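Heads up: the sequence lines are chains B and Z, in that order. Per the working numbering, the very first residue in the first sequence carries number 1; after that it's consecutive. Per the working numbering, the very first residue in the second sequence carries number 1; after that it's consecutive.
Since the hints were made in silico from the structure, they are not lab data. Please note: incorrect hints may appear among the correct ones.
[Stated by the list, open to error] Pairs of lysine-lysine, DSS-like flavour, derived with a Cα cap of 30 angstroms:
#	chain 1	residue 1	chain 2	residue 2
1	B	Lys1	Z	Lys13
2	B	Lys17	B	Lys71
3	B	Lys112	B	Lys57
4	B	Lys1	B	Lys17
5	B	Lys71	Z	Lys57
6	B	Lys37	B	Lys57
7	Z	Lys13	B	Lys71
8	B	Lys112	B	Lys17
9	B	Lys1	B	Lys37
Note that the coordinates shown come from a computational prediction; the quantities given were computed from them, not determined experimentally.
Residues per chain are reported as follows:
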Amino acid sequence: KNQVEQSPQSLIILEGKNCTLQCNYTVSPFSNLRWYKQDTGRGPVSLTIMTFSENTKSNGRYTATLDADTKQSSLHITASQLSDSASYICVVSGGNAGNMLTFGGGTRLMVKP
Amino acid sequence: KAGVTQTPRYLIKTRGQQVTLSCSPISGHRSVSWYQQTPGQGLQFLFEYFSETQRNKGNFPGRFSGRQFSNSRSEMNVSTLELGDSALYLCASSLVAAWDPGNTIYFGEGSWLTVV
Chain B
1 KNQVEQSPQS LIILEGKNCT LQCNYTVSPF SNLRWYKQDT GRGPVSLTIM TFSENTKSNG
61 RYTATLDADT KQSSLHITAS QLSDSASYIC VVSGGNAGNM LTFGGGTRLM VKP
Chain Z
1 KAGVTQTPRY LIKTRGQQVT LSCSPISGHR SVSWYQQTPG QGLQFLFEYF SETQRNKGNF
61 PGRFSGRQFS NSRSEMNVST LELGDSALYL CASSLVAAWD PGNTIYFGEG SWLTVV
């Protein structure tokens, strides 16, 4: 069964600190992996998209890594800001049923002053 | 340019009723996909339409259906509503297929459905 597991479920950090969110998946065959940021009550916004051949991709203070061999990805947030408080969702595309999108449960990040 | 527009934003329905949600994609986008988001299950893929044809479907019962019009606007219908259908329903649009890695998916703000 195609699954995407994210950890931790929730995280509290102080403003200015760095943090790393994890995503493990079992989706096979694999097409691509995306990270989204979702503010409370809003739709998700794309942060990064990575294919099999990409190990790292950055978007400002957000850096995503992908290890397709171990089926793991991480999202590193540098110098966190209060506006980073949101849910971060890992989405994997692939699977035998025609490139379905499988979503992780998300990590809820709270940045405190 | 205008983003993905979903209507209505909030609605309350009674068990057994049916509901239709509407989505207007970004101009020029031909793919529209629908998702259900609940606290317990997270985000789940419902279906995707491209050029008026359903191309992918998630694991939802037949009570959930959709369609896409020639102008790419899409509607989603849920019949015989159950309490468990209470959720945020998100629509997303993209230029080509939602799964295409070279393709960014843009989400709308969602429609909050409460079934009582």
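How the hints compare with the structure:
Under the criterion of a C-alpha separation no larger than 30 angstroms, the hint pairing lysine 1/B with lysine 13/Z is inconsistent with the structure, at around 33 angstroms. Between lysine 17/B and lysine 71/B, the direct Cα distance comes to roughly 27 angstroms. Compliance with the 30 angstroms bound is thereby established for this hinted pair. A C-alpha spacing of about 26 angstroms is found between lysine 112/B and lysine 57/B, which places the hinted pair at or below 30 angstroms, so the restraint holds. The straight-line distance between the Cα atoms of lysine 1/B and lysine 17/B is roughly 36 angstroms, outside the 30 angstroms bound, and the hint therefore fails.
Straight-line distance between C-alpha atoms of lysine 71/B and lysine 57/Z comes to about 24 angstroms, which keeps the hinted pair within the 30 angstroms bound. A threshold of 30 angstroms between alpha carbons decides the hint, and for lysine 37/B with lysine 57/B the separation of about 15 angstroms falls inside it, so the pair holds. Restraint check: the Cα-Cα separation between lysine 13/Z and lysine 71/B comes to about 41 angstroms, which exceeds 30 angstroms; the hinted pair is violated. Taking the CA atoms of lysine 112/B and lysine 17/B, the gap is near 10 angstroms; set against the 30 angstroms cutoff, the hint holds.
Between lysine 1/B and lysine 37/B the alpha-carbon distance is near 25 angstroms, which keeps this suggested pair within the 30 angstroms criterion.
In summary, the numbered hints that this structure violates are 1, 4, 7.
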